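Chemist: Since the structure of chain A is already known, use the hints to place chain B on it.
Protein chains: 2
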Amino acid sequence: MNRMVPSPKPKIGVFDSGVGGLTVLRALIERIPEASYLYFGDTARLPYGSKSASTVAHYAVGAVRYLQDQGAELLVIACNTATALALDEIKAAADVEVVGVVDPGAEAAASASPRRKVVVIGTEATVSSHAYRRALEARGVTVREKACPLFVPLVEEGWVEHPVTEQVARIYLAEAFSEEGGDFDADVLVLGCTHYPLIKPLLRRVAPEHVAIVDSAESTAQAVAGQLQSTRPSSSGESGLGGVSALKFFATDSAEKFRKMGTRFLGLPVEDVLHVDLKE
Amino acid sequence: MNRMVPSPKPKIGVFDSGVGGLTVLRALIERIPEASYLYFGDTARLPYGSKSASTVAHYAVGAVRYLQDQGAELLVIACNTATALALDEIKAAADVEVVGVVDPGAEAAASASPRRKVVVIGTEATVSSHAYRRALEARGVTVREKACPLFVPLVEEGWVEHPVTEQVARIYLAEAFSEEGGDFDADVLVLGCTHYPLIKPLLRRVAPEHVAIVDSAESTAQAVAGQLQSTRPSSSGESGLGGVSALKFFATDSAEKFRKMGTRFLGLPVEDVLHVDLKE
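These protein sequence lines map, in sequence, to chains A and B. Numbering-wise (the working numbering), the first sequence opens with residue 1 and increments by one. Numbering-wise (the working numbering), the second sequence opens with residue 1 and increments by one.
One or more hints might be untrue.
Facing chain A, a subset of chain B residues (Cβ under 7 Å, in silico) [as the list claims (entries may be wrong)]:
hint, residue
1, 147
2, 150
3, 153
4, 157
5, 164
6, 167
7, 168
Here are the computed distance ranges between Cβ atoms for each label pair [unchecked claim]:
hint, chain 1, residue 1, chain 2, residue 2, range
8, B, 163, A, 208, 14 to 24 Å
9, A, 264, B, 204, 33 to 43 Å
10, A, 95, B, 124, 55 to 65 Å
11, B, 271, A, 210, 44 to 54 Å
Below, a list of computed lysine-lysine pairs in the DSS-like style, where the Cα atoms sit at most 30 Å apart [claimed, not checked]:
hint, chain 1, residue 1, chain 2, residue 2
12, A, 200, A, 248
13, A, 146, B, 117
14, B, 9, B, 117
15, A, 200, B, 146
16, B, 260, A, 146
17, A, 257, B, 146
18, B, 146, A, 260
Because the hints were derived from the structure by calculation, they are not lab data. Bear in mind that the values here come from a model prediction, so they are computed numbers and not experimental data. Beta carbons are placed, not taken as given, at the ideal position from N, Cα and C, and that holds for glycine.
Looking at chain A on its own, in the form it has when it is part of the complex (with noise of 0.2 Å):
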């Protein structure tokens, strides 16, 4: 499905159940910035973790129509639980081009390992669908999943910098590389959750120095730029977070919580918020 017509500024949809699909938006932003972005956070129903595959879907479909509705020529599911389980409905659903957050992420993994051997952390329901072990299977990549409840309400406190959040990552990684009778030699750590950028430096200096680190979030930017490389050539491909996109933003709960948590996670001034209702 690719019936998007090129204009002179694309105009993207982005969509997370939250704010964590900010940092996909951030780096999006980094690598197309001549482009006009509209985010959908569809705040008054996450967590999405918790619902049904057929609640998310029907959720997540609301919203990119609605992102639709909003002249979005590209839609981007920046939420790993409704990629793992909705994406096929989204693009069924969806006129523009889709693209999800986990296959871009896989991909880059299966690149950078040459072990072959891959650590995806995420939330519980990002593992427990094993979208990313489905992804890197069929790369012919061993996967290691390990759920890191605690990563988003970190973040979500604000201690990205913070001895706690470090000890906890200590304790994670250590399960996640280590196996009975032996590690787990993974070369590459996916980080399969939109959190978990926040705290990037913190796990690099945490995570074993050998373990090259996949952040779902710029995988998706890059394949979203290939993506419109090739359908518009034209395009500048100039990068840098100089404010020059024109942002827009949609939250189904409060304008203002969005406003106020969002601008940590995007690292711009989230202004132009309207608030949303979506029915049932």
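Modeler: Below, chain B without anything else, positioned relative to chain A:
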């Protein structure tokens, strides 16, 4: 409203958005072992904290009506958010007596505080509602409320006796009991979240020695026992977790997940779980 018809074995309905309210059920079983219990966990729609008051009221009313249909003769709202945002609406919709979790905790705290200064810890949602503040100020007590958003995920991770949890508790309680230009010399700490009884021994070690800990779960069980005593003076009042109570559980998300997590919160086997689908 007191249309409860006394029966030889009172049937008590307990409602929470998830498994946290099982600490209230545990306290109830200890106090009133001769009762039989129906517990409703609205696990598919949690957390309530990020939802509007009208949505929470709508969900809670649906759940307590379900409990009444199952024969509940008295209802306990074992959820701080639902109590804070929707107790009046629940009472209006119910045909039996309703006991919330905030007033009993506030009453116990006021009685235990000669200094008339109390610290309340809870989730972000409970603190923002200021339900404990209102209830305590009405009793002439000065209150400091402190949100402790990491405690719930730490308890759910199972780290109830863990150095990380102890470090987090030291940070939160230091903030709660100190004040610019001097300490806030409270003599009571209220556990205003149903998850916190699981880390009560740890909080006891970390809190200042002279501070009394008031556990809303226990205070609520006490209030319910008093309520029953006044309407059915024949209650034996014998105490213990001897497993004599009849227990039945209803969950809106996976029954298996509820069983697994619930056993830790209740401290008793959670066996008879029925999955329930409530219409929106």
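Chemist: For the pair we were handed, residue 260 (chain B) and residue 146 (chain A), check the Cα-Cα distance against 30 Å.
Modeler: holds, 19 Å
Chemist: Is the straight-line distance between the alpha-carbon of residue 146 (chain B) and that of residue 260 (chain A) 30 Å or less?
Modeler: Distance of about 19 Å is within 30 Å: holds.
Chemist: With respect to the beta-carbon atoms only, verify the hint that residue 163 (chain B) and residue 208 (chain A) lie 14 to 24 Å apart.
Modeler: holds, 23 Å
Chemist: Less than 7 Å between beta-carbons is the criterion; does residue 157 (chain B) satisfy it with respect to chain A?
Modeler: Holds, about 6 Å.
Chemist: CA of residue 146 (chain A) to CA of residue 117 (chain B), is that 30 Å or under?
Modeler: violated, 44 Å
Chemist: Is the distance from the Cβ of residue 264 (chain A) to the Cβ of residue 204 (chain B) consistent with 33 to 43 Å?
Modeler: holds, 34 Å
Chemist: Are the Cα positions of residue 257 (chain A) and residue 146 (chain B) separated by 30 Å at most?
Modeler: The given pair, whose Cα atoms are some 18 Å apart, holds under the 30 Å limit.
Chemist: Go through the hint on residue 150 (chain B) and say holds or violated, using the shortest Cβ distance to chain A against 7 Å.
Modeler: Holds, because the Cβ-Cβ distance from residue 150 (chain B) to chain A comes to roughly 5 Å (cut-off 7 Å).
Chemist: Please verify that hint: residue 164 (chain B), Cβ, nearest Cβ of chain A, below 7 Å or not.
Modeler: Holds: closest Cβ of chain A sits about 6 Å from residue 164 (chain B), inside 7 Å.
Chemist: Is 55 to 65 Å a correct range for the gap between the Cβ atoms of residue 95 (chain A) and residue 124 (chain B)?
Modeler: Since residue 95 (chain A) and residue 124 (chain B) have Cβ atoms about 39 Å apart, the given range 55 to 65 Å is violated.
Chemist: Is the interface hint satisfied for residue 168 (chain B)? The criterion is a beta-carbon contact with chain A at less than 7 Å.
Modeler: holds, 6 Å
Chemist: Is the interface hint for residue 147 (chain B) satisfied, with its Cβ closer than 7 Å to some Cβ of chain A?
Modeler: Cβ of residue 147 (chain B) sits 10 Å from chain A, so the hint is violated.
Comparing the model with each numbered hint stated earlier shows that hints 1, 10, 13 and 14 do not hold.
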